[in-house]
Structures are given as C-alpha cells and as structure tokens.
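Undergrad: If you want the building blocks of each chain, they are given just below.
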Amino acid sequence: MAIHRYHAAGRSWHFASLRELLAKASPLRSGDQLAGVAAESAEERVVAQLTLAEVPLAHFLEELVIPYEEDEVSRLIVDTHQAEAFAAVSDLTVGGFRDWLLDTAVTDTALSALAPGLTPEMVAAVSKIMRLQDLVLVASKCRVKTAFRNTIGLSGRLATRLQPNHPVDDLTGISASILDGLMYGSGDAVIGINPATDNVETVARLLWMLDEIIQAHAIPTQGCVLTHVTTAIEVMARGVPVDLVFQSIAGTEAANRGFGVDLALLHEARAAALELERGVVGSQVMYFETGQGSALSANAHHGVDQQTCEARAYAVARALDPLLVNTVVGFIGPEYLYDGKQIIRAGLEDHFCGKLLGLPMGCDICYTNHAEADQDDMDLLLTALATAGCTYIMGIPGSDDIMLNYQSTSFHDARFVRQLLGLRPAPEFEAWLRGFGVTDDDGRLAGNGRLPERVRQRLSGSLGP
Amino acid sequence: MNDSVRHKAAPLPGPSRVDDEWSPLRAFTDARIALGRAGESLPTRAHLEFQLAHARARDAVHLALDESRLKVELGKRFPTVVDVCSAAPDRLSYLRRPDLGRCIDPAAQHRLEMLAAPPSDVVIIVGDGLSARAVNDHALAFVDALQEELSGWSVGPCVLVRHARVAITDPIGMALNARIGVMILGERPGLSAADSLGIYVTWQPKPGRTDAERNCISNVRPGGQSPAAAAHRLGYLLREMRRQGMGGIAVKDQSRVIDGSVASVGTQPGLLLGWD
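Protein sequence lines correspond, in order, to chains A and B. Its first residue numbered 1, the first sequence is counted upward by one per residue in this note's numbering. Its first residue numbered 1001, the second sequence is counted upward by one per residue in this note's numbering.
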C-alpha cells in the first residue's frame, strides 16, 4: 500500500491506500456513508479527487484495492489485463486520462482498442473526477456491438428489454404484457421475465411460452427467464429452450458467493447455453445485472466504495462475453442511493464505466417507493442516458413492475426518447415491427390503437364484443 | 362570476388521444397495459393515476406496525410471543441503516436469551420490513395456513420485530436455539400492491448467513400468492431442508403447484400470442 498525499493551503492530507483514496474521492452517496468509507467533509472529497487526479494509471496495476490472493475477481482483473492495449494511455495520470478521453481526436475505434487495457479501478477513478456531461460525452463515443437473434448497440439505436412480470407467474397475464409491449415496439434487447419464484417447473413453463411466442411470430429477439444460473443449468439439462443465461453479479468474490455463483459456475452455464446453438446472427448468450451497493449489501465490499465495486462487476461480465449487461440503478434502495440526484449520477457512472470497459451497457432506470425519487428524476436520467448512447433500457407496462414492486421505464418512455432523439430499435427487430404492422415507414406507431389482423383474430374471444 | 366550476374526472377523448383495442386484456393482469397514448406518450389520465398510486405508496412506507393487536392475536396461536425491536431506533434510521435492521437491540437480545428456549425445529418471526401494512393485514392469515404444515415439528417462541430486515432472523434464530428460522416480512410497497408479504427461510440461522443460504417465497397477498399456496411451498422447503441438511439455492423449489397461483384458468403456453 502507498500513502497518497496532497498539500493545499498550508494543510497536508493523507490517504492511506488507493482504496481509501478512491472511496473518499467518490461523489457523495448514502451507501458509502453506510459503509463508513465516504469522505468526512465536502472539502476532503474534492481534495481526494485532486489527489486521485495525480495518480498514474500504471500505479493501478501495482496497488490492488483487494489483494490478489484474497479475491478471484482481483485475479481475473490482473490476469486478463492486456499491456499492449494499455500502452496508449500508460504514461497518463487519472487526470490526464480524463483530458485524453475528452479529446475530440479520440473516437470509438481508439476506445474499443483501449478497453482490454483498462481495469475497472482505472475507469472508476476517472469517473469520480468527471462531471455528468463528461460521463455522457465520453460514453457516447463508445460503440459496443453484440448479437444473438438481432444486432444490438449500433449507432443511432436504442434497444429495450420487454419486462412482462407477473406476481404469480401467470402465463396469460405475462403474455398480455408481452403483447402490450410488442404493440409499442418494445422487446429487441430481450423479452425477459423475472419469475416470482425459482421453482423449476414454473421457470420451464415460462421458457416454453417465450420460445413459442418468439417462434410462432418469427420475432427476431431472444427470451430469458431471470432465474438463478443453477436453475438455468438444470432446465437446460432437461431440454428446455434457453436463449440467454441470466445472473446477478457483483464485484468481489465474496459478494458473488452471496449470490451463489463464482467464475467457474458462470463459465459452466455459458458453455451449456452455447451448446444449444440458438443464436442466429450471433452467439452471445449471457445476460448480467449489477447495481451499486450489492457488495456492501452482502457485507463483502472489503472497504472498497460501492462505485468501484460496481465497476469490478463489469470485469466479471466482460470475462463471459455477454449479449447484455445492465445496472439496476435505483432498485437497491435509499440506503445505497438516497435520492434522485444520487441515482442519476450513479446511472451515468455505471453506463460510462461499462462502456469504457467494452460492455453492451444498458440501464434499468428505476427507483423504489422508499427512495426520495420520482418520475421526474427518471425522466432526467433517461434523457441523459439516451444521449450518452445507452445500449438499452427496460420496458414495463406503465412503469409499474407488479412483481418486483418498483418503478422503471415504460414502453411509453422508450417511445418518448426514440421520438425525441430519433433513436431506432435493432435493425432486424425494426424490420419485424414494420412487417407486423406495429410501426410505419417512419418508425412511428401505426394502426391507431388497432391490433394487427393476425393478432386480432387470435384474440377475438378475449377482446369481447 | 361563477366560482363553482365542476371538474370532470376524465378528460374528454379527443383526436390526439389513441385508445388501445386490447384493453379487455386487462382482465388477465394488474399490469398497466393498454394505457393508450397521446401522440406516443402517456395520456393525461394514466399519467395522473400513476402519480396517485406513487403518492399512496410513499405514505405507506412510514406506517407503523400494529404491535398490540398482533401480539394478542399471535398469543392465541403460539405459547410464547416476544416483541422486540431491531437496533434501528426509528423509521428514518431504519431506512438509511439496513445494518441496524439486521441486528437485534442488546436489551432484546438479553430477553431472548433469558427465555433459555430449548432446541426447536422452527421459529416463526414476524417483522414489519418495508410494509407494516402487509403484516398488519395478512400475517395472521398466513400463520393460520401454516399450522397444518407445522404439525409434527417442534416450534419455538414466536418473535414480533419492529424495524426488521430479513437477516435479523440470524441472531434471533440462534438465540432461540432453532434449526430453521422463518421470517414473515412486509415487502417494499409497489404501486399496485403495498401489502405483499415475503417469507424467508434460513437453515441453522446464525449471524453471517448470506442471502444465497436462504429461500424466499414472495408476493403473498390477496391477488398474489394465497396464504395456502405459500404455506404449502414453505412446508415443502422445510421438509427438503431437513432432508438435505442445508438451505438456500442448493434446495430447489420443486413443489407442485396446488391452487390457482400459477397458470390459472387452465392456460396453454402462449395463449394470447402463440401458434395459431
């Protein structure tokens, strides 16, 4: 460990380790206060940022925030670091790296080439000395393309996960929400159901239903039931159709153990899903969710601040070549992100860090009812993320997830931001929407509230007189 | 001047509002489907109804546990009922400091230890969590549904906890010498349901257990999972834990569904959108 010092106005400041310096430089959030790692004053926070700005990026390869021997995520970060890719910025300090990222000559090509040379801690560090506009601008320069049955992450595109959850996993209720979402043009990232339980039989039934809907209408998208990875392995072994394997992950080995996973298990699940060969235009089969505060929540943060822990989770995701990764930014509650201001900043940090590390980063723009946040806060975050080139957002009927009891973005929210910024769905899905009669040639909703004929005939019994 | 202007509940439908033909599908789900649109945005009524639901949920978060009534009623169902508080002194601390909600207040810890409870198979713990309303309204119905599943098991003292998080199961279960801790807790309020119970089961509770070592049954409420269905699932989990000598993700819930909780109305997969 190195002592990091800063002298200002006749006063000398000491930070005992890189871990402490990162934590104290982190913009204020309740989770770091809860963990007792936050700066003790506003001045100390900015002094820490000034000190951090002087730390050479190369130092991050010498001083780990969690020891190599103690944590498999640290080992993963060190063992997979690519020195050649890092060479482009290896002489820079954290502050110099911020300036470099903002350079207009640095484009998507340079950023893609750099990604394998960056560690999560470097990326977290630079995010801490950036304003929101920096986080938006730099992220907007990153391009990360992934594919399974469609192509996600192309320029000028914004995808949506259709999230049709139901409190008792009722198949009819879920399919009603899927229909609603499709009619609003949602679902190109994935049609992803959070089941109410990990009951194996229920998970299998949901997967069969998703497969049937996708196949019957030749929808160029993928389905997923967001169950634990061990359940996915079990149902795959039984021959149940699995497109994407989902798992919640975190940035430390101990926190992942809290989720009941480790790297070996994730690789095992990925191998099983790859074997099914269900992709059409690509074979990225993993879907991960993350969120600041998960490591502290599992009491597994090692004194590392929550934003740095979150960036470390992206190292885990990166090792498994995912189709989709999203932070569930406001889900965890006010003890980690207290209010709309903290949620907005965290969402933009997470998206920036994920993108810089080369991930197809989306965001579940959300809040719970015990947080000091509301729809206006989410509108601001949505608009900022969309301008930052966010890969995908959630689509939930009327923003209200009736199973998970929180509020996220709605089908209408996606329409709003597509209209505002001219963002289009994944190309294969866009063509399907036009062919199915959901949208017109300009990508606007067609049909004036009427269902496509094929769907109306099928539903005639349910639509009443 | 006429100062008595009457405001109508619903705005008049106009050419800028589009209604969705599939609104009858609302019969199949409480989700906010077929809201229609103004341009491509939310119509006024749907927008304000959402705001109202959020305002109500915000109010519900701060409701208090009806301790005196619950203690009396639980006393009719368990030989011993103890009411305790977590280390969180008030609601605001509870919201900001989940660590306090996971620890037991030292005085309460002492009271539990003074009971010198003999080893038992199961202890039932009832905690407010983020919705005291769920506990006030539905905890007793679930406890009643559970009685049959618990026959043949030795059941320790019942504990009622104010400002509780799930993991407070660990110190309580350990202090009471229980092999399994069952926590009945108010889940955080949603817009449509501010009264959902979650049931969390912990094998050999002791401080340091992780979430992966627990099993969860959620959404127990009217319109969600019925008390009978949840009790049936819990009975299955308890038997599996005892058989396997462990809990958490290693114990898969493979119970058969008994009532209309899953796939009600005899649906076929893809009913609304599947093969023609």
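Just so you know, the hints here were simulated from the structure itself, not pulled from any lab data. Treat the hints with care, as some may be off.
[Said to hold, decoys possible] So these bits of chain A aren't anywhere near chain B, every CB distance computed over 10 Å:
1. Lys145
2. Leu320
3. Phe416
[Claimed, not checked] A few chain B residues that face chain A, going by a derived Cβ cut-off under 10 Å, partial list only:
4. Asp1030
5. Leu1042
6. Ala1046
7. Phe1050
8. Val1061
9. Glu1067
10. Arg1096
11. Ala1117
12. Asn1215
13. Leu1272
Ideal Cβ placement from N, Cα and C applies to all residues, glycine included.
Undergrad: All hints, please: hold or fail.
TA: Outcome of the hint check:
no. : hint    : in the structure
1   : Lys145  : holds, 27 Å
2   : Leu320  : holds, 19 Å
3   : Phe416  : violated, 6 Å
4   : Asp1030 : holds, 5 Å
5   : Leu1042 : holds, 5 Å
6   : Ala1046 : holds, 7 Å
7   : Phe1050 : holds, 6 Å
8   : Val1061 : holds, 5 Å
9   : Glu1067 : violated, 21 Å
10  : Arg1096 : holds, 6 Å
11  : Ala1117 : violated, 27 Å
12  : Asn1215 : holds, 8 Å
13  : Leu1272 : holds, 4 Å
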